[in-house]
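**Q** Going line by line, the protein sequences match chains F and Y. Residue numbers for the first sequence follow this note's numbering, beginning at 112 and rising by one. Residue numbers for the second sequence follow this note's numbering, beginning at 5 and rising by one.
Chain F stretches covered by chain Y per the calculated footprint, using a threshold of three residues with CB under 8 Å from any CB of chain Y:
| # | region |
| --- | --- |
| 1 | 150-160 |
| 2 | 214-221 |
Derived lysine to any residue pairs resembling SDA-like cross-links, with alpha carbons at most 25 Å apart:
| # | chain 1 | residue 1 | chain 2 | residue 2 |
| --- | --- | --- | --- | --- |
| 3 | Y | K105 | F | Y140 |
| 4 | F | K178 | Y | K105 |
| 5 | F | K148 | Y | Q41 |
| 6 | F | K215 | Y | P43 |
Hints are computed from structural coordinates only; laboratory data are not their basis. The C-beta atom is built at its ideal place from N, Cα and C for all residues, glycine as well.
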Amino acid sequence: QQPVQSPQAVILREGEDAVINCSSSKALYSVHWYRQKHGEAPVFLMILLKGGEQMRHEKISASFNEKKQQSSLYLTASQLSYSGTYFCGTEGKGNSGYALNFGKGTSLLVTP
Amino acid sequence: KAGVTQTPRYLIKTRGQQVTLSCSPISGHRSVSWYQQTPGQGLQFLFEYFSETQRNKGNFPGRFSGRQFSNSRSEMNVSTLELGDSALYLCASSHLSTNEKLFFGSGTQLSVL
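Work out the full structure: start from the sequences and follow the hints.
**A** In structure tokens form, the structure reads like this:
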């Protein structure tokens, strides 16, 4: 049930773009994105609820294709502050209560 | 508004012992979730409580248990500790239910020797 994230790690230069993918083998109700900086707690970025709906957080946007059970996180014109580990969390259909299954994370390093 | 508070911040235990971790959610939040974070596996869901009731449980052995009190504070307990239980345990709270953002605490770093 754990979603699969790709790539596992990426190194960017400041100003470059990146895409992080998240896919699930299970039907999804929603996809959540979090970022965790080293030694800190994960911080919420956005939730995507409907197929094809795009959300945005600063210069970070995301899409959710419900039919393909996939989500992608787009980091545009990356900044040094974007460095960290990005996790997607998925909530399956039929769940009672709140249970997010997180992927293993994508480590992003933005260099000057 | 105070954030999610977890205590203690660090713990060192030996195999076979038991441990209790505490989590105080943001005031007004009724849902508390627990996650185990390890370098190789990322964040793994342990359980979720809402109004003192466990609504969901992840795929962990029965040695892992938890509870929630009437003031929404939560505790998790791990009995008969194993070396593989060494991890960062994160607590997260949300206001009501699903599709809301989680607010994570800084976690309790547990080392089992």
